[in-house]
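Quick mapping for you: the protein sequence lines, in order, are chains L and P. Using the working numbering, you'd call the opening residue of the first sequence number 207 and step up by one each time. Using the working numbering, you'd call the opening residue of the second sequence number 86 and step up by one each time.
It is worth saying that the hints were derived from the structure and are not from the lab. Quick caveat, the model's predicted, so the values are computed rather than measured. Idealized CB from N, CA, C, for every residue including glycine. Just so you know, nobody snuck in bad clues.
With beta-carbon atoms standing in for the labels, derived distance ranges: (1) P:Phe412 to L:Ser375: 38 to 48 Å; (2) P:Gly267 to L:Thr247: 29 to 39 Å; (3) L:Thr334 to P:Leu343: 17 to 27 Å; (4) L:Gly298 to P:Val349: 28 to 38 Å; (5) P:Thr340 to L:Thr295: 22 to 32 Å.
Covered by chain P, according to a simulated footprint, are these stretches of chain L (three or more residues, beta-carbon under 8 Å): (6) 302 to 313; (7) 318 to 326; (8) 339 to 346.
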Amino acid sequence: MPETQGSPYEEPLNEYRPTRRGFLSVLGLAWLAFTGATAATLAAMGRFLFPNVLYEPPQSFKAGYPDEYTVDVVDERWKAKFGCWIVRTNSGFYALSTVCTHLGCTPNWLASELKFKCPCHGSGYLMTGVNVEGPAPRPLDRFYIGLGEDGQIMVDKTRVFRQDKGQWSLPGSFLEFKVA
Amino acid sequence: MNDALQGFFNALGDPRLYFLLSCGLLGASLYWRKWFTKIGTGVALLAFAVVFFVWGLGDRDFFAIAMKPDNVPIAGMLVLVGFFTWLALRRAVINDELRARGEPTLEERAASQKVFVWPDLVYTELICLMLVGALLVVWSVYLKAPIEEPAAPAISPNPAKAPWYFLGLQEMLVYFDPWLAGVVFPSFIILGLQAIPYIDRNPKGNGYYTFTERPFAITSFLFGFLILWVSLVILGTFLRGPNWSFFGPFEYWNTNKLEPLINVNLSEIFWVYWLGKPLPQFWLVRELPGLLLLVGYFGVLPIILARTVLKKIYIEAGFARYQVTAFLLLMMALLPIKMLLRWAFNLKYLVQINEFFLNI
Numbered sequence: 207m208p209e210t211q212g213s214p215y216e217e218p219l220n221e222y223r224p225t226r227r228g229f230l231s232v233l234g235l236a237w238l239a240f241t242g243a244t245a246a247t248l249a250a251m252g253r254f255l256f257p258n259v260l261y262e263p264p265q266s267f268k269a270g271y272p273d274e275y276t277v278d279v280v281d282e283r284w285k286a287k288f289g290c291w292i293v294r295t296n297s298g299f300y301a302l303s304t305v306c307t308h309l310g311c312t313p314n315w316l317a318s319e320l321k322f323k324c325p326c327h328g329s330g331y332l333m334t335g336v337n338v339e340g341p342a343p344r345p346l347d348r349f350y351i352g353l354g355e356d357g358q359i360m361v362d363k364t365r366v367f368r369q370d371k372g373q374w375s376l377p378g379s380f381l382e383f384k385v386a
Numbered sequence: 086m087n088d089a090l091q092g093f094f095n096a097l098g099d100p101r102l103y104f105l106l107s108c109g110l111l112g113a114s115l116y117w118r119k120w121f122t123k124i125g126t127g128v129a130l131l132a133f134a135v136v137f138f139v140w141g142l143g144d145r146d147f148f149a150i151a152m153k154p155d156n157v158p159i160a161g162m163l164v165l166v167g168f169f170t171w172l173a174l175r176r177a178v179i180n181d182e183l184r185a186r187g188e189p190t191l192e193e194r195a196a197s198q199k200v201f202v203w204p205d206l207v208y209t210e211l212i213c214l215m216l217v218g219a220l221l222v223v224w225s226v227y228l229k230a231p232i233e234e235p236a237a238p239a240i241s242p243n244p245a246k247a248p249w250y251f252l253g254l255q256e257m258l259v260y261f262d263p264w265l266a267g268v269v270f271p272s273f274i275i276l277g278l279q280a281i282p283y284i285d286r287n288p289k290g291n292g293y294y295t296f297t298e299r300p301f302a303i304t305s306f307l308f309g310f311l312i313l314w315v316s317l318v319i320l321g322t323f324l325r326g327p328n329w330s331f332f333g334p335f336e337y338w339n340t341n342k343l344e345p346l347i348n349v350n351l352s353e354i355f356w357v358y359w360l361g362k363p364l365p366q367f368w369l370v371r372e373l374p375g376l377l378l379l380v381g382y383f384g385v386l387p388i389i390l391a392r393t394v395l396k397k398i399y400i401e402a403g404f405a406r407y408q409v410t411a412f413l414l415l416m417m418a419l420l421p422i423k424m425l426l427r428w429a430f431n432l433k434y435l436v437q438i439n440e441f442f443l444n445i
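Here chain L stands alone, though its shape is the one from the complex (with noise of 0.2 Å):
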């Protein structure tokens, strides 16, 4: 393209002239840059998403030796730390989930009602788990519940039984112990 050469008065010399190719080309750079700096601030928040380190309690626990536990009592003393509740019953025990299988909240224990009540859309649980009022699609999740080799109840949250799935009759699902 020839440059037109007019007065000074015209046209300053110093005037930044670009030509469609250099202005594509400045953009294409700013554009460039713009979507690394993007693409570096998401990657960044996308890091955060993972922490160093977690501080979760761990998934599995001992839970105490099985005469600690009162038959036909619900035992809220793993609740906070662990979100379990274990439940013995004459025949052995069972470790109960803590969060209600329809939106996650966690219910409460009502020992005068032998049930357990979500606060936030009224599902409501026997003692086994098995849901009977409100939204709640399905029954509590059970832990794999078990005896270790020094005699402690051992719970493995890792391991999930799903009464609709057929699971509950699943080994694991149940700790078998006879009041002797």
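Chain L is already provided as a structure; the job is to place chain P on it using the hints.
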């Protein structure tokens, strides 16, 4: 006397009675709108509301709910919603009479008295801005923000309530699967409202209040807004207590209130109670009654309605727009139907397919 009155209002707080009464009140005020929109009626209703509220505050349990900093805006909202509904209906009644006589409407008359944005409107707005600003300052100084104890995953407040303006949505979650009540239905509310200008191209009522020219549109809108939103906010605020049980407005919130409820699914009623058989193992067979009911509700009912009640709309709107209208209306009606079924028969789900997280 006081106890008897409180007992009476507690009895009205029964959800079935409360809901049907709200619908009845809306229907009555629309049907007898000439009487309802008289100045005297409006003043009497306002006086009743104020007297009821002040009298109610004398009760410890009512006071605890109504004066919770979270809930104070509700009292203002109720008065404002009531007033503006009354005002719109009043202008509609006047306009309908004027148009029946062939005279210009209130809005057409006002059009000849136009004023300038600057200074008339801007000054009015400035004064409003200062008054509302002052109100907000006083409000925020005298009513402390309800900050609660630090969050703990093991402890849910009992009852755990959403902010008051979302209590209608929270109420919906009691009756349907979370992803339906929390995602699909709210989306349909928004999409349905957006769709109104496209499915309803009736030019009547543009720029002036009327009722007789748009009875169907106005009634369905008021049902959706006043009943399914505002009255559910009231229900969630005043009638839902600990364990999400129902309490009367003057009832003590007893955490251990015994409420024997055993929910049953439609599949259990059909197979076990009526046919005396065990539930079929395969989900499609098990949920067949509920699925057929839904197919009939969304597939067959619009056709019946098009030939009977909604015939006029079907002819005016044409097939496609009628279908969308009918679908949105039936979606809206599903909520009160499900609520009444739950309250009356402890019906849990019409269709419960845990296999696909589909619970309707």
